[in-house]
Amino acid sequence: MTRILGPGKIPLQLDLNGHKTEVCIEPRATLLQVLREELDLTGTKNACELGECGSCTVHLDGRAHYACLTLAVEAVGRRITTIEGLAPSDGSLHPLQAAFVEHDGLQCGFCTPGQVMAAAALLRQNPHPTPEEIRAGLAGNTCRCGAYPKIFEAVARAAQAGEPRGEE
Amino acid sequence: MRRKTKVVLGFPGHFKEVAVLLDAGEPIPWAHDAELKVVGKRVPRVEGPEKVSGRARYTFDLKLPGMLHAAVLRCPHPHARIKAIDVSKARSHPEVRAVLALEEMEHKFAGAEVAAVAATSLEAAREALDLIEVQYEVLPFVTDPAQARLPGAPLVRAEGNVDISVTKKRGNLKEAFRSSGAVVEVVVRTPVALHACLEGHGSLAQWDGDRLIAWDSTQAVFDVRNSLASALKVPEEKVRIIKDHAGGGFGSKLQMWPHTPIVARLAKLAGAPVRLLLSRREDFLCTGNRQSSVQTVKLAAKKDGTFTALSWETYGTGGVEGVAQTSGPIDDMYRFPSLEVHEEDVFTNAGPGCPMRAPGHVQGMVALEAAIDAVSETLGLDPLEVRLKNDKSAIRREELKLGAARFGWHRRRPSGCDPGPLKRGLGVAGTTWDGSGLPGTEAEVTIGPGDRVEVSCGTQDIGTGTRTILAQVVAEELSLPVQEVTVRLGDSYFPYSVLSGGSLTAACVTPAARTAAGRVRELLLRLAAPKLGAGPEELELSEREIVVRGTGKRLSWSSALQSAPEGSLSAQAERPANYAGFEAGAAGCQFAEVEVDTETGQVRVVRVVAVHDSGRILNPLLWESQVNGGIIQGISFALLEQRVMDHRFGKVLTTNLETYKVLGALEVPEIEIIPFLVAAGFNNTQVVGIGEPAIIPTAASVANAVANALGFRIDDLPITPDKIVMALESRAQEQA
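Protein sequence lines, in the order shown, are assigned to chains A and B.
Residue numbers in the first sequence follow this note's numbering, run continuously in steps of one, and reach 193 at the last position.
Residue numbers in the second sequence follow this note's numbering, run continuously in steps of one, and reach 1655 at the last position.
By construction, these hints were calculated from the structure, which means they are not laboratory data.
We treat Cβ as the ideally placed atom computed from N, Cα and C, and that holds for glycine.
Don't take every hint at face value.
[Unchecked claim] Going by beta-carbon spacing under 8 Å, a handful of chain A positions derived as facing chain B:
(1) T67
(2) C73
(3) L75
(4) S80
(5) D129
(6) Q132
(7) G134
(8) F135
(9) R160
(10) L163
(11) A164
(12) T167
(13) G171
When you get a sec, could you build the whole thing from the sequences and use the hints?
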C-alpha cells in the first residue's frame, strides 16, 4: 500500500510572477500542485498530470515548462511566470492574449492558458516565427476542441504586431 | 392567438415564400437578408478575456472553505462480485472524514465504483483507499464484441449480450442485388473512441441543511439535477447544479455519472463540502466512449450509377451500456429504393458508451461513403457524379459542386495510379444532421436597475460560443453593443434549457432569448410612451435611448426605468415548436487531400475544403471554429484514435493521452471553410446547429482519399501506418 512517510512540509521561497512568495509544502509536490492548490493560481490547468498535454505550461526563466513535471523545489531560484503573471498588472491583456481573443484562438478555453504561455515562450526566443515554427512551438500543447488554425493565426498576428510586452 | 406570416426559405436561386403559423408573442423571423447590426458579425467570444488570462474558473478550479477531497476505489476486475468489504481501517485513518461502501455488489467492468473516501487531503484519501479490504469473486467476462455475440459467451446482461436496436426493410433487395449493374460489399470497422475533454469529469458538492448545491462539469445542468435528485431520493427543487465554464464535453457530459452522487453522499456524511476530480485514467475508463462498429454494407447501383439497394448490417459495442445507431444518416442523404437495416448493440465488460459528437453518424458515414466510392470504382464512374445523381438534398448537391470547384476535384486521378512513394489521393463525403432545435427552452431578459442588461438561461457553454450568441441576439433586439449584455448560464436555478448536445443549443436558446428581449423592449417602449407623448408604435431604441421616430424627441432608458418597479423590467419567453423549414437540419460536404507515404505507412492530410450550411450563421468567427474543430477531431478519429483493450485480461491499455493519441498542432492540415447560405426556417433566429454536421464527413472523406491514393481500401479505422505497410506488403507478395 501507499503510505506517506515524510519528510513532511518544508518552507520554500518562490519567485512567482515578480513577487517573492513563501509556501510550506511537501518536497514531492509538483509546481502544478503548489500553484493550484496552495496558491489558488488556477489559470495553470491540470488535464493529464503526466506531461502529455501542455495545459499546465508555465515559464521558468522565460522558457516553457510543464508545471506537472516540475517539482516546486526545482523552481526555487528561478523566475516563475504563470498565465496570471503574463499580462501587466493593470488588468489589460498581453498582446498574445488579445490576439487569441480577437482571432478566436480558443473554444472551451481549458488549454488556452497553456497555449498562450507556450506561444509567449516561442516569441521570446523567436520573435518572427514561420508558420512551421509556430506549429513546432505549440506541438507540446493539445487542444481537444481543435482550435489550432485560429491559434496559429493569433500567434502569427501577435508576432507581426511586434515586440510582446509583459512582466518578464 | 396564432397568426399567419410568410417567410422566405431556401438558398440562392431557390428561394420561395412559405406560409408559417406563429404562436402568440412570437416575433417575425429575421429574414435571411435582414440587415442586422450584431447578429451575423464576427464578434469575439465574450468570455475570451477571462479564459485567456486564466481568470475563468472551471469546475476543476473550484474550492470551498473546509472542503474535503474524495477518491474512489474501483473494481480491478472486468467482472466480479464482492464477497466481503471492510472499510473500518479506512474509517479510522486520522484524516478521513467519510467512507462510503457502495451498495452495488456486482461490477461489470474494470473501473466500476466500489467505495469512496473523503479526507482532508487528496493524498490521505488515496492512502485510505488502500485500507479498504475487498474480497472479490472473479467472474467470467467478455470484452471483445465478436466473442460476446457467440452462444455461450459470459453474460454481461441477464437478458443477453445483444440488443437489436434498428431494423428497417423496404423494397426488394434480392431482386435489386441480382439485376443491378454493380454490387459491392465493404466491411468497415471503427474503434471505440474516447471524448478526452481536457477538463475531465468532476464535481464539488455542498449541503445546506436539506439543500444541495453541486458544481458539476456538465453539458446538462437540468438533466444532472433530475438524475441526482432521483439518485439521492430528494425533491428536485432541493438540488441546484452549477456549471460556469466547462473544458469540453463532446457528449461525455450529457448525463450524470456515478461520481456525482458519490460526492453528494460523502458531503452529507462528512458534513463538509467534498470535491472529486477524476484522473485522466478514471475519465478514460468510466465516463463514456464512442461505440465501436463492424459494418457490413452492400450497395447495388445501375450502370449509370443510380443506387438501387442498400443492405446495412452492423454491430458494435460501447461496453456495459450504449447504443451506436450507425444507420442514423443513411436514409437522410441518398435515395435507396430498396433498403434493409439490421443493427445490433453488443454489451461487453467495458466502461459504458454514451453519445459522442454526432453519435453513430461519424461511424456510419465512413461505411456509407466507402460503399459509394467502391461502387463508383466498380462502374468506372466519378464518385462525385455518383453522389450528385443520388443525393436527395438540393442544398448538398449545390455544396458538392461548389466544394469540388474550390478543391480542384478535377485533379483526382484513377485510384492507385500515383507512382509514389508519396502517393496523393482525393476523397469526398457528405453530412446530414438535424440540429434545428426543440421547444421548451426558456430565457429571461432583464434591464435595470442602472445599466444592467442581462439574459439568463440554464443552458451551458461548453466552448461552442453559447454565451456570445445569446449576448448578440439580445444586443440586436435592444440596439446595444454586445459588450453591454451580461449572459448568465450554467445554473439549474435559471430558466429551463435543454442540454447542450445534438447541435440543438443555438436553435433552442437564441429564439427564446430573442423573444424575451423583444418583450422587454415592448415593456420599455410602453413605459416611455406617455413620457414622450407618443404611442409605443412610434418609438424605437437607439443606444440606450428611446426615440420618437422622425422627430428629435428622445428619452434615456434610465429616465424611463425610473417609473418601473425597482427600476427594472424583465420578461421571460419559451421557445415554441419548430415551424416550417426548407430542408431538415443541415447538409454539407467535405473534400480531403491526403499524402500516403508508402515506405512508412504514414498518412498526412494535406488539405480539407469544407462546405457547410446551418441556417443563419449567427457569428462566422465562432462558426468557423466549430467547423475547424469538427474536421480536426474527424481526422484524429480517422488516423489516430483508438481505445485499446486487452481482451485476455479485460483491461484498457490506453488510459492516458500518451497512448490514446489525438491530433496535434503538427498534423493539422490547411482547412478552407465555405459557408453556404440557407434560409432555413424552423425558428425566429433561423439558426441550425453546426457542431455535429462538421465532424460527420471528415473521417469518411479521409478514408476515401487514402483509398484513392493507394488503389485499395483500408476500411479498418484508425488508418495507422502498420495497417498500410502490412497491406502493401501482402499485396506485393500476392503479385510475386
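Results of checking the hints against the structure:
no. : hint : in the structure
1   : T67  : holds, 4 Å
2   : C73  : holds, 5 Å
3   : L75  : holds, 6 Å
4   : S80  : holds, 6 Å
5   : D129 : holds, 5 Å
6   : Q132 : holds, 4 Å
7   : G134 : holds, 3 Å
8   : F135 : holds, 3 Å
9   : R160 : holds, 5 Å
10  : L163 : holds, 4 Å
11  : A164 : holds, 5 Å
12  : T167 : holds, 6 Å
13  : G171 : holds, 3 Å
Of the numbered hints listed earlier, not one is contradicted by the structure.
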